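**Q** Single-letter residue listing:
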Amino acid sequence: MLRIQGLTAEVDGKQILKGIDLEVPTGEVHAIMGPNGSGKSTLSYVLAGRDGYVVTGGTATFNGVDLLALEPEARAAAGVFLAFQYPVELPGVGNANFLRTALNAVRRGRGESELDAMQFLKLARARMKELNMPEDMLKRGVNVGFSGGEKKRNEVLQMALLAPQLAILDETDSGLDIDALKIASDGVNALRGPNFSALVITHYQRLLTYIVPDRVHVLMGGRIVRSGGKELALELEASGYGAAQAA
Amino acid sequence: MSAIAPGGAEGFLHRHEGLKDHLPGANLPWLVALRADAAASFRAQGLPTRRVEAWHYTDLRPLAQAGFDAPLSAVDAAVALPAARAEQRVVFVDGRHRADLSSFAAASIGHWLPELQGRIAAPAEPMAALNSMFFEDGLFLTIAEGQDAGTLELLHVVQAADRPAAVHPRHIIRLEKGARLALLETSIGPTDKRYLHNPVWQVEVAEGASFTHVRLQQEGAQGFQLSTVYASVAAGGTYDNFTLNSGGRLVRNEIHATLSGPGATCHMNGAQLLGDGQHADTTTFLDHAAPDCASRQTYKTVLKGKSRGVFQGKILVRQAAQRTDGYQMNQALLLSSDAEMDSKPQLEIYADDVKCSHGATVGELDADQLFYLRARGIPEAEARTMLVRAFLEAALEGVENPILHTALEGAIEAWWVRHT
Ligand SMILES: Nc1ncnc2c1ncn2[C@@H]1O[C@H](COP(=O)(O)OP(=O)(O)OP(=O)(O)O)[C@@H](O)[C@H]1O
Ligand SMILES: [Mg+2]
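If you read the protein sequences in the order shown, they are chains E and X.
With the working numbering, the residue at position 113 of the first sequence is 113, and numbering never jumps.
With the working numbering, the residue at position 49 of the second sequence is 296, and numbering never jumps.
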């Protein structure tokens with residue numbers, strides 16, 4: 001599903017990604033761990049198509065399509081979803097309006113019919129109930145005044161509504177309380193299946209006990225320095241990244 | 248037409264000489280004197296230039312060069328009108344009341360002129376002086392004590408004419424104690440003709456009365472609108488002004504509001520939506536003259552193409568105005584690198600127990616916000632629209648009356664469609 005080869009990228013003239021090779025087959029969940037500043041968010045932004053993240057070499061394909069050639073909205077319509085490490089506040093944009101506009105844009109892209117306000121509300125309420133989110137969050141401005149954990153939950157809600165084929169979760173677990181972590185994980189697990197893949201960026205092994213990964217990769221200094229099975233996360237937790245690189 | 252009409256202040260004075268004996272009320276000595284004084288004041292000041300502090304950012308030379316004449320339209324000329332937005336509508340064409348086109352029997356200045364001695368103000372500002380020299384008509388409305396007059400619409404239409412026309416309506420609104428009124432004022436004109444619409448509003452809000460005044464300035468692309476509102480609000484009264492500037496070539500919206508009794512409130516909000524070649528200026532003067540009054544101002548300007556926006560806002564808190572609560576925010580969104588915004592907030596405070604804040608920002612669309620929307624599949628153009636609408640939201644929030652809100656939303660939508 002996702003194939004990244006020799007990917008290099010720079011931000012403000014500074015090279016951050018120094019040759020990433022990574023393949024996430026359909027149906028698999030891969031975790032990326034790595035120290036602060038190693039390039040994890042940079043990788044996720046490059047995959048989502050953020051301006052200012054300049055690809056200087058390599059390729060990234062999604063279901064065989066050159067992902068890097070697409071506009072961000074086209075990537076989303078193709079089924080790529082990025083849960084932001086730092087969700088953006090949109091004062092003046094109502095959450096319900098935002099979610100419906102996004103959902104309908106993605107549905108248009110998939111050739112599905114758009115949902116009217118009533119159909120959308122029904123769907124959104126059902127998803128929010130599953131995620132244990134209060135309904136008044138629909139009425140508020142997008143992420144405006146949301147607590148850190150509420151913002152992360154709003155990301156998970158968006159993921160649940162947009163039902164992507166590839167979810168990139170950038171530290172979605174950071175800031176979630178114990179119950180919310182469980183609920184968010186359930187949200188990801190509910191999407192798991194033969195047509196869903198995920199790239200889960202996290203600092204904590206704990207998340208990976210809820211979302212059990214097929215593979216774990218260690219990103220350091222802009223490169224994947226080690227890959228392994230789910231037990232690698234436990235090993236990292238025990239001995240740190242210094243040992244990981246040395247190994 | 249023989250000779251070319253002279254332009255500038257001279258031109259206006261010249262036409263005043265020719266017209267003054269034919270204007271309404273030419274037989275009323277007090278009005279003749281008022282007009283003569285106004286002409287003398289205007290002669291002394293001239294058309295404001297950028298050397299005058301209050302006009303530093305707005306250059307009237309394009310207006311001075313145009314050489315405007317009195318309107319030519321006949322009082323019964325046929326006019327194409329847009330659909331009414333409120334059940335009750337009063338229509339003015341070229342500054343004159345048109346009872347035949349109006350759906351309710353409003354009084355007009357022209358009709359009541361003999362009774363209006365002492366009621367017609369003669370403000371010193373040059374454009375208001377010009378209005379005093381030339382006004383023929385205007386809305387004259389008194390809402391009786393305790394009465395709720397609902398929502399009225401005032402439509403002002405400038406008719407197409409071959410010569411540039413200048414119209415100067417004078418509107419006088421008085422709300423007696425506890426009265427309520429919501430007024431939607433729309434100004435429109437021909438798209439391809441030069442004209443000047445120079446209205447002056449005299450607004451008086453008595454104790455506990457509430458007046459919501461929503462103004463949609465949608466003049467034609469070559470039109471000039473220079474409007475001045477004078478409002479005074481007595482104890483416990485409220486004056487809410489929302490002005491949307493989306494039309495016209497050169498526009499100024501000048502508001503003078505005085506909070507003259509304890510507990511009076513004034514909201515001045517507005518949006519300026521500007522495209523290539525447009526200039527719009529909002530200048531407010533808020534006079535806190537009594538204790539325990541509150542004022543809120545939120546102005547938003549969106550600029551595309553080569554356009555220029557101006558906001559000048561002065562809050563004066565007099566010594567008597569203890570416990571004043573004043574707030575002013577003025578924000579501009581530049582959607583093009585050719586656009587320009589000038590802001591000049593000013594606080595002048597003589598009372599010591601006062602809460603007064605002001606702020607101004609000028610910026611572009613936020614790249615992070617835009618990316619967030621696009622990453623959720625929303626196409627760039629739609630994402631931009633959402634963010635511009637969100638930017639305007641804070642100014643619109645205060646307008647709760649559904650008729651007024653719908654009208655504003657519609658006007659914003661129309662502007663956006665025209666400019667994308
Ligand atoms: N605009 C920029 N100019 C220069 N360096 C930048 C810029 N943006 C990011 N970087 C650098 O790129 C590196 C990678 O940042 P990135 O956010 O991808 O790290 P991360 O692995 O996600 O870290 P964390 O675990 O703290 O979230 C960091 O050293 C960061 O300082
Ligand atoms: Mg990061």
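Honestly, I wouldn't trust all of these hints.
[What the hints assert, rightly or not] Sample of chain X residues lacking proximity to chain E, with all beta carbon distances greater than 10 Å (derived):
#	residue
1	ASP284
2	LEU363
3	GLY522
4	ALA614
5	PHE618
6	PRO626
7	GLU629
8	MET633
9	ALA637
[Said to hold, decoys possible] Residues from chain E that face chain X, not an exhaustive set, calculated with beta carbons under 10 Å:
#	residue
10	ALA74
11	GLY111
12	PRO134
13	MET137
14	LEU138
15	ARG140
16	GLY141
17	LEU162
In short, the hints are calculated from the structure, not lab data.
Predicted model only: the values in this text are computed from it and were never measured.
Yeah, the Cβ is synthetic: ideal placement off N, Cα and C, and Gly gets one too.
**Q** Each hint: holds or not?
**A** Hint check results:
no. : hint   : result
1   : ASP284 : 48 Å, holds
2   : LEU363 : 44 Å, holds
3   : GLY522 : 22 Å, holds
4   : ALA614 : 6 Å, violated
5   : PHE618 : 5 Å, violated
6   : PRO626 : 5 Å, violated
7   : GLU629 : 7 Å, violated
8   : MET633 : 6 Å, violated
9   : ALA637 : 3 Å, violated
10  : ALA74  : 8 Å, holds
11  : GLY111 : 13 Å, violated
12  : PRO134 : 21 Å, violated
13  : MET137 : 16 Å, violated
14  : LEU138 : 16 Å, violated
15  : ARG140 : 13 Å, violated
16  : GLY141 : 8 Å, holds
17  : LEU162 : 7 Å, holds
Hint violations for this structure: numbers 4, 5, 6, 7, 8, 9, 11, 12, 13, 14, 15, all remaining hints satisfied.
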